[in-house]
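Sequence lines, in order, name chains A and B. So the first sequence is residues -1 to 298, counted in the working numbering. So the second sequence is residues 60 to 550, counted in the working numbering.
Honestly, I wouldn't trust all of these hints.
Here are the simulated BS3-like pairs of lysine-lysine, each with C-alpha atoms no more than 27 angstroms apart in a straight line [as the list claims (entries may be wrong)]:
| no. | chain 1 | residue 1 | chain 2 | residue 2 |
| --- | --- | --- | --- | --- |
| 1 | B | Lys279 | A | Lys125 |
| 2 | B | Lys497 | B | Lys481 |
| 3 | A | Lys48 | A | Lys19 |
| 4 | B | Lys385 | B | Lys399 |
| 5 | A | Lys125 | A | Lys62 |
| 6 | B | Lys279 | B | Lys143 |
| 7 | A | Lys62 | B | Lys497 |
| 8 | B | Lys318 | B | Lys210 |
| 9 | A | Lys48 | B | Lys318 |
| 10 | B | Lys318 | B | Lys139 |
| 11 | B | Lys139 | B | Lys221 |
| 12 | B | Lys143 | B | Lys210 |
| 13 | A | Lys62 | B | Lys481 |
| 14 | A | Lys13 | A | Lys62 |
| 15 | A | Lys125 | B | Lys210 |
Honestly, the hints are just simulated from the structure, not real lab data. Model, not experiment: these values are computed from the prediction.
As a plain string of letters, each chain reads:
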Amino acid sequence: MSETAMRLDVFKTYKLYVGGKFPRSESGRVYEVTDAKGQWLANAPLGTRKDTRDAVLAARAAVKGWSGTTAYNRGQVLYRVAEMLQGRREQFAAEVAAAEGLGGKKAAALVDQAIDRWVWYAGWTDKVAQIAGAANPVAGPFFNLSVPEPTGVVGIVAPQTGYGFSFLGLVSVLAPVIATGNTAVVAAAADAPLPALSLGEVLATSDVPGGVVNVISGRTADIAPTLASHQDVNALDLAGAIAADGPGTATALEELAADTLKRVLRTAVDPAAQDWTNDPGTDRLLSFLETKTVWHPMGQ
Amino acid sequence: MAKNKNAAEPVRKSGLFEYAPAPESPAAAGDIATSYGHFINGEFADSSGSEALKTVNPATEQVLAEFAQGTDEDVDRAVKAARKAFADWSALPGSERAKYLFRIARIIQERSRELAVLESIDNGKPIKETRDVDLPLVAAHFFYYAGWADKLDFAGYGPSPKPLGVAGQVIPWNFPLMMLAWKIAPALATGNTVVLKPAETTPLTALRFAEICRQAGLPKGVVNIVTGDGRTGAALTAHPDVNKVAFTGSTPVGRAIAKQLAGTRKKLSLELGGKAANIVFDDAPIDQAVEGIVNGIFFNQGHVCCAGSRLLVQESVQDELLDALKRRMATLRVGDPLDKNTDIGAINSAAQLARITELATAGEAEGAERWAPECELPSAGYWFRPTLFTGVSQAHRIAREEIFGPVLSVLTFRTPAEALEKANNTPYGLSAGIWTEKGSRILWMADRLKAGVVWANTFNKFDPTSPFGGYKESGYGREGGRHGLEAYLDV
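Work the whole structure out from these sequences, hints included.
If you want it as structure tokens, here you go:
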């Protein structure tokens, strides 16, 4: 056998990630994804409004189980995501390098940081109730306790700009949402969806129950408004929404969200200036929680 | 009002247990001026417009005073005053801000009888409630948040959290002073300045509060009060120099405000409607549960967003519970809010009475059975007898829509899972009640109810240290407690 025999690469067929499965878009359509220089990388499924609604159904169905899982167990699952990612570090580094036009070293550093971010949030699952809850000293013979609870289904418009947006940015907005027991439907970065779609494969092998995370690629102008107006989506993270007027932009999405009084985490004042390597703090972790206060009389 | 179809035996025997009238003196409310302007930059000021509204005593329909319909220009003046005051107020050491709030709390305590009577006259709620519930809580709120002013670094929002700036606050008519306290106390403690718009049917105590701010020596412009109806509120929430909007009121208005603020950087907190389930299990202590149900729906004439307006009773104790409830309801005294024996006062306005009447009529039309105890209602004023609907299904309007009046809808269930399902079957998620002697069941239910406040074996309890606010379409953000600070901090 000749050592110089030609070998063709096996291309990857990227698929949506919905309800723990990898469907093609119901539209039967794909769109071209290119690298930062415009070279063709792959075709991504052109997710539709229907795909998005299916994903919301899956996310809703998963809320009960995921929010009911013990915080200890959720932490274990999140840590398992980091383990699985570690093994596929090179693949993600290549995808990030292509998506953001970065050198291999920088891209690998971003992936490392994304892995570490999963580890960080894994540790938060069983601590957030202790920093966000309270035993309230009410003036009367009552036992009174406030506890944080997940909001429910969170629609995420994944970051589309900013340093490290394609993967570290994505992880930075997704991990805190599910760490606290919510489930998520992610509108992947429209022009750079491949790291998000590949993350679906990692989540599927990381003990994350099907439906907890759902990833839709396609036109943000189709997917994001569907999430914003959906009755069964409880909150919206507009991380990647463009802060301008027009369909599918932050203002329009906020207006849609107002109809169902969704909790909205607004886009940054200048999303393009965002550096996703910055310390995330607890803002996103606490943004998708409700505080429930329980009163009970005390007596003999 | 419709005739009773199923009147219970009257329990009150004539002559026995009758109470002599025990009226509070209206004079204790102090002088009510014939007309009021706004309170802007530490001064009572005339409106730039000529339109005036009238506030009436809902128990007598007599006009109490005229007050200004705030114009865009009035709102702008107030926001400018608040903006100007913000620099110094936010720079003041927290320990000094605290002292102002402590002063306000103390003056409220000193003048609490006056304020309670005035509130009762302007709102129609019983003096028993303003005196024993509203005013103590109003003072307590200022005391609680006073103590936070110099401890914000420890509130869990990082070191030296910053105020937002000018807060535009719009409050409802059901707890005029209490809502004012819930809004103003945390805003000032965190270093914000405020422009507050009280409801157009109950502006008097907010204007009286302005005097208290002056007595406390509060710097000019830190608190501004602009009166008027929804137009004034909309001008305030839309003002470009407002950094924070806080609203308590109906879900439709909250939705409109959320839409109005889309695309701005204004921080928003909303405390909206509710349709709370009060769930009674077969092992509940019946007498205590009945008291809780009565308190849950008839407190403040049912003008309470967290009112327990849907009674879910386990089928096996339905008859026993309803008998006891009807007996208890027959003892409720409806009438003069200033009588210390009054349990249920006047409905706040003619418009509100019409809304309650309309929904109650819809309840009958949709096939639910209506019951109310016999009682004489005063000839003048706005009144509604405490009313009970049985045979209510989840599809009925009276089980879905917020009535905001003394109307209770009774539904039944068989298992805890069914109770939970029905309780959560609403777009609202403000509060819920559970009545059972079984602790594990309380915790199981409390864990699963989609409601911001869950009262177990009690109902309608409030405290400044305890966060209050809703899930879903009952709004977002929490008021009260450490959590209440977040709405006024840049975090």
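Can you name, in rising order, the numbers of the hints this structure does not satisfy?
1 and 8
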